[in-house]
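When you get a sec, could you build the whole thing from the sequences and use the hints?
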Amino acid sequence: MGRIAVLKQRGTLFVSMPEDIDDASAGELLTDILERVEMDSCKGVIVDLSALEFVDSFLGRIIADIANCSSVLDARTVVCGMRPAVAITLVELGMDFPRVSFAMDIEEATDQLQGRA
Amino acid sequence: MCPRPATSARPQGSDGGDAGCLALTNPVHIMLVRRTISDLARRIGMNEVDSVKLGTAVSELARNLLEHGGGGEVTYAVVKQGQAHGVKVVFEDSGPGIADVERAMQDGQSTGAGMGIGLGGAGRLVDSLAVDSTPGRGTRVEIVKWAASKWLLRR
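So the sequence lines, in the order shown, correspond to chains Z and R. For the first sequence, position 65 (counting from the first letter as 1) is numbered 65 according to the numbering used here, and the numbering increases by one without interruption. Add 117 to a position in the second sequence, counting from 1, and you land on the number used in the numbering used here.
Calculated from the structure, these hints are not laboratory results. Quick reminder that beta carbons are idealized off the backbone N, C-alpha and C, glycines included. Careful, some of the hints might be misleading.
To be verified - Chain Z side only, calculated, beta carbon under 8 Å to chain R, not exhaustive:
| # | residue |
| --- | --- |
| 1 | Phe14 |
| 2 | Ser50 |
| 3 | Thr89 |
| 4 | Glu92 |
| 5 | Gly94 |
What the hints assert, rightly or not - Per the computed footprint, the stretches of chain R lying under chain Z, defined by three or more beta-carbons under 8 Å from a beta-carbon of chain Z, are:
| # | stretch |
| --- | --- |
| 6 | 145-155 |
| 7 | 174-188 |
Right, here's the structure in full:
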């Protein structure tokens, strides 16, 4: 698959997670995000999951890695756009995201990040 | 042997069948397999949350099949028990096998790239999960998820 676009707006990075992400792309994405957090001094990363009908532990690990690594660089991660069925499944699956906060959509996610500043 | 699935990640429309078999030898097959099985689950009347749980369990087990089993086959079929309909999925590989199945069922026991959810996590998403594994010979995992029964209306 091609490169996953990471967009920046006013100190916040935004990425919409594709369904067909593979190992190699996940690694590239994480590196991309961290390089830009560092270079552009971003304080927030918004990860949108609205394209995902299924979030398994592989995807969960990717999200957790983005959040954990970003927090080391003093950036906060907000996940938005999670479908209700996915949220229910994640809880049942026992996945935990300690360094992630959640929002319904991009607007709420942006509000959360700005509230922090 | 199973027919190989198409190389595109999107299935070419539903095959409409109540049963099937897919070879799982590449990560791109994981998406096809979970999509095919969750679509089948919806067709037999499973609600959205349950079919997403089933598809997610299939995703977990398919990834295990690839990462630990060295690839294998996924066989699925509609099952019936009285009025109830469900989907049964079997994951089979000829890999190294699981030495300690009980331990593998506990959370936090991942030896792969996942979050340590293990078989136990996938098992919570379905109604039954059975593991049959012989070290050195391979592993067979069978899951069943039933569509929640609807109230039958009187005529």
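Exercise for the section: Identify whether the interface hint at Z:Gly94 stands, where standing means a beta carbon of chain R within less than 8 Å of its own. Expected result: Holds, because the Cβ-Cβ distance from Z:Gly94 to chain R comes to roughly 5 Å (cut-off 8 Å).
Problem - Evaluation of the interface hint that places Z:Thr89 against chain R, nearest CB under 8 Å - result: 5 Å, holds
Handout entry: chain R contact restraint on Z:Glu92 - CB to CB distance below 8 Å
Key = 5 Å, holds
Exercise for the section: Under 8 Å, Cβ to Cβ, is where Z:Phe14 needs to be relative to chain R, so tell me if that hint holds or is violated. Expected result: Cβ of Z:Phe14 sits 24 Å from chain R, so the hint is violated.
Exercise for the section: Please verify that hint: Z:Ser50, Cβ, nearest Cβ of chain R, below 8 Å or not. Expected result: 14 Å, violated
Handout entry: Coverage criterion applied to the stretch 145-155 of chain R (partner chain Z; beta-carbon cut 8 Å; 3 residues)
Key = Since three or more residues must qualify, the claim that chain Z covers the stretch 145-155 of chain R holds, with 4 doing so at under 8 Å.
Problem - Given coverage of the stretch 174-188 of chain R by chain Z, checked by CB-CB distance under 8 Å (3 or more) - result: holds (count 3)
The structure is inconsistent with the numbered hints 1, 2, although it conforms to all the rest.
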